[in-house]
Structures are given as C-alpha cells and as structure tokens.
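**Q** Chain by chain, the residues:
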Amino acid sequence: MEKRFIYADNAATTAVSEEVLNAMLPHFRTAYGNASSIYKLGRDAQRDIEDAREKVAKALGADPKEIFFTSCGSESDNWAIKGMAEVQEKRGKKHIITSVFEHHAVLHTCEYLEKKGFEVTYIKVNDKGLIDPEDVRNAIREDTALVTIMYANNEIGTIQPIDEIAAICKEKKVIFHTDAVQAVGHVEIDVHKQGIDMLSLSGHKIHAQKGIGVLYIRKGLTLPNLIHGGGQERNKRAGTENVPAIVGLGVAIEAATKNIAEKAAIITPRRNRLIDGMLKLPYTRLNGDRDKRLPGNLNISFEGIEGESLLLMLDLNGICASSGSACTSGSLDPSHVLLSIGLKHEVAHGSLRLSIEEDVTDEDVDYILEVIPKVVERLRSMSPVWEKMMKGEKYA
Amino acid sequence: MMYSEKVLDHFSNPRNVGEIEDADGVGEIGNAKCGDIMKMYLKIDKGIITDAKFKTFGCGAAVATSSMATELIKGKSIDDALKLTNQAVVEALDGLPAVKIHCSVLAEQAVRSALSDYYTRQGIDPLPIVGEIKEPEE
Ligand SMILES: Cc1ncc(COP(=O)(O)O)c(C=O)c1O
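Note that the protein sequences, when read in sequence, are chains C and P. Our numbering numbers the first residue of the first sequence as 1 and each following residue consecutively. Our numbering numbers the first residue of the second sequence as 1 and each following residue consecutively.
Treat the hints with care, as some may be off.
[As the list claims (entries may be wrong)] In the EDC-like style, the derived pairs of lysine to aspartate or glutamate whose C-alpha atoms are separated by at most 20 Å in a straight line are:
no., chain 1, residue 1, chain 2, residue 2
1, C, Lys391, P, Asp125
2, C, Lys388, P, Asp22
3, C, Lys391, P, Glu28
4, P, Lys46, P, Asp125
Since the hints were derived computationally from the structure, they do not count as laboratory data.
Pulled out of the complex, with its shape left as it was, chain C reads as follows (with noise of 0.2 Å):
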C-alpha cells in the first residue's frame, strides 16, 4: 500500500483555493489602497470590498447593508452576543438561551455574560446530536435577551432545526442569532427566507484565508461597536479594512455556495463509505445524527483507545484528522460535545473526526479505509483497556 497525503480536516481550516488567491494578489502589490483614501487607488479598494460584500449577501439571502467584515468566526460570535446582551440589558433582560455544544467562541462568551450578571440557559441535546425547538421555545423567559443556537456542529456535524427555531424566536419576538461557520458553503441558507437575525460566519473554513469573518445582522437591529475608532463598516467596526482577505472572501463564499447540492452528491457517498467501512470493526459507534449531519462529516468513537494516539498513527500514514479526546483538548475532560450526546469519558478519549471535502477521492477512501483497521488494532493490542474490555471485566 503506498503512502498517500490526505487532508480530512477540513472542518479544522481549509486550503485558500487558487481562484481566491489569484483574487487577492492584486491587493497585495498594486491595488493596494487603503479603501477610505479619495484618490483611485483608494476608490477601487473600496469598490472591491463593496463587491465582495454583495457576494458574501447574495449567498446568504441577504442585503449588502446587512453584512460586516470581521477579523474571525470568534469575533462574529463575540459581538453578536456580547452586543446583543448589552443592548438588552437597558430593557431589562438579562437571559440568554444557548445550547451546551456550541463551540467555545459562544459557549465562553455567554460564560462571562453569566459573570456579568446575566443568566444563561443551555439546552440540552439528544443522542443523535439534534436539538429539539420545542426546548427552546420551553426556556424562552420575558427577559430573554437572545437566542444563539449553531447552525451545524463543528465535531459531530449535526445540522440543528433552524428553520423551527427562528419561527419560535420570531413567535416570541427574541432575536435570534445563530453560528453558521461549519454550515456555509456544506448547506443552503437564506437568512430572510428562514428568519435568522444574526449570523456568523468564518473565512477559513470555506477556502478563504485565516482571520477574516462575516456577522450578518438583519436590518433594524443595531448593536454597538466592537471596536471603535475610524468609520469603516458603516461605522460599526473600526479598522482599515483587510482587503485581500475580503476580496478573497467574497470569491471563496460565492464558489462555495453556488454547488452545495452537487458537492453533497460526490461527498456524502464517500463519506458513507467511511462510516460502513469503520463501523465493521467492533465496538465503534457513529456519534451524532447519521442523516442530518454535513455531508463531509464522520465522527466515530473507537473503545478501548485514545484519540491523540490514533491521529498521530494516522498522521504517520499521511492522513490528516481530529479528535475529541482531552489530550487533544488541552484539559483532562474529553470532548464537551461528545460529552453532551451521552459518551461515557473513556469512549469520547476515543473519537476520531474526519471531514472530507471533494478532493478526497475514491481511492482516498479506500486507503483511509485500509489504514485505520491496523492502526486501531495496533493501538487495541497494546491497550490494557482493549485487554479488560474482552476480558469482560470493568476498566472505568
């Protein structure tokens, strides 16, 4: 079997695409204008980063006016929710509805919202990784200042019904903000169609480049600056803009947007493939939702071995992974995802997390598919966990 190099990670960061690059170039060495300056150069900076704005609405469903550059998905997540709780707090609301798996750029925020005073509800989520609307609509308070659900799981890929719970927030006049940096470019969204307030976004996970983010806020909502200073972002967000990364945005989102269905179509089988193929080994479980999850999604547990074990396993055979296992997260807990579908600590250490985009061919498939049985096997040999577990006798 010949090595081969796979990235299967890109739920992590993706690759800037060559037709983003070629769209940022420009904007380095010769269109390099700061977009607020009267002369041409500074014209057309401009007039590339109200273009790149009309793309970024347009695949969202969205008006120009409604979008803001940012530096990142996180600071997407930050104002939304920071600002939105501040604007609520002069009418007296002090409650937030969340979920308990969101990612940390949402989850910490409302951490320190709670420090400040404000009281946070985290719904719960079933063992498939889905929340259900009606719990969101069971925690809305009088004073619930904001309802912020993500759109599509970062580990387990599970797609939440938006669609319910912005009719629920509507019903019951909450604003509702959701973080779609895993969805855009996997799903279609339509913000005014389906309701959504606010709306993060992050350039990286779509083939644009690190650092530059998207918070869509509907007109008529007004939230106060993040950062102040200059007038740039209709006054809304200080800083001279970033225009190559914007630019490069405004490509990346219109090429990832314009074929979700056909990319699905190539992925979801291969994807498919993966899970049949892992889930043949014994005990190993899916986690999250097998249907209502991003087409390039997989996320197994493997018992009786450890996360960080098997991505550096996999990395020596080329292929590039995730995990939840705590020594990937950096703390002694496992996954909080995987800990809200059920997973006992010992199966969440060992959960591997692949998401594959269209450049993992066939073939790919079947070499991930020929790797990862010896190395869970070497791994198992030599796990004393792997002995008790067919010993039958108890290791937790």
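With the hints as your guide, set chain P with the ligand onto chain C.
**A** Frame of chain C; chain P with the ligand shown alone:
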C-alpha cells in the same frame, strides 16, 4: 503542539510493548476516564530487573514515556529503578510539552506500582521501601 523526535520515535516504535506471562511484579496506574492507563510488567532476578514490558492506553506522550521508562529500568537494580524520576524520563525523551508532564509522572508511578506488587508477592510490606503510589487526580 510540539513533540520531540525522540517522543515521536518512542511512540511510533515503542520499546517493550506487551505482557510478561510469569511476571514477578505487575503495576497499573491511571484510569480510562481521564484518558491514560499504564500497565507495567517486571521480571526480577536477584534484585535485578531482567525484563520490563508495558501496555498503555493513552496519548502519544503516555506511550512514549512508558516505552522510555521500561528502557531506563531494564537491566538495572531495583534500587536504581526506585530512583527513576519523571524528570529523568522527560530528559531522556528530549522534553515534553508542559501539558504532557503528567504522563511522565504516570510512567514513574507505574514502575513503582509494579515494584510495590513485587514486594507484596514476596510477603514484604512495600510501603516503607516504595512509598505511596500516587494515582492521578480525576
Ligand atoms: C462552529 C464554530 N464557530 C466558531 C469558530 C471560530 O472561527 P474562527 O476560527 O474564524 O475564529 C469555529 C472554528 O473553529 C467553529 O467551528
């Protein structure tokens, strides 16, 4: 996160993996809940550790420190093995990331736990010789 070449080498080609059927001392440390378990097997002849093997459930550093610890005690006297510190394991591996130091402590304690079992099997109270075995915090 940066692992040294030595760590990666001991991870990808771990020395002394396995079990010793007729071991004279077997120790186990850690728990699956916190993500690391090391099991250490020792063969001891006239106070000398003639063979050492291990099985580990854990991260790259857990495997590498187990591997290195067995290397460092093989052929040594029990007294020398009792002097093995986690620091010595870390140094032999050309360092470990700060968040992984606890793995080297586990390796050190796994050796002590196996020696403790050895003394117990000999009918000798291990506590005065080996001291308390430190289980990792949950
Ligand atoms: C769901 C989700 N939200 C937010 C972020 C943060 O995005 P960024 O890296 O652009 O700050 C990520 C990226 O890891 C994500 O997956």
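**Q** Are the Cα atoms of Lys391 (chain C) and Asp125 (chain P) separated by 20 Å or less?
**A** Status violated; Cα separation ~30 Å.
**Q** When you check the alpha-carbon spacing of Lys388 (chain C) and Asp22 (chain P), does it fall within 20 Å?
**A** holds (18 Å)
**Q** Lys46 (chain P) and Asp125 (chain P) were given as a pair; does the straight-line alpha-carbon distance stay at or below 20 Å?
**A** holds (18 Å)
**Q** Check whether the Cα positions of Lys391 (chain C) and Glu28 (chain P) lie no farther apart than 20 Å.
**A** Holds - the C-alpha atoms of Glu28 (chain P) and Lys391 (chain C) are around 16 Å apart, at most 20 Å.
The structure is inconsistent with hint 1 alone, although it conforms to all the rest.
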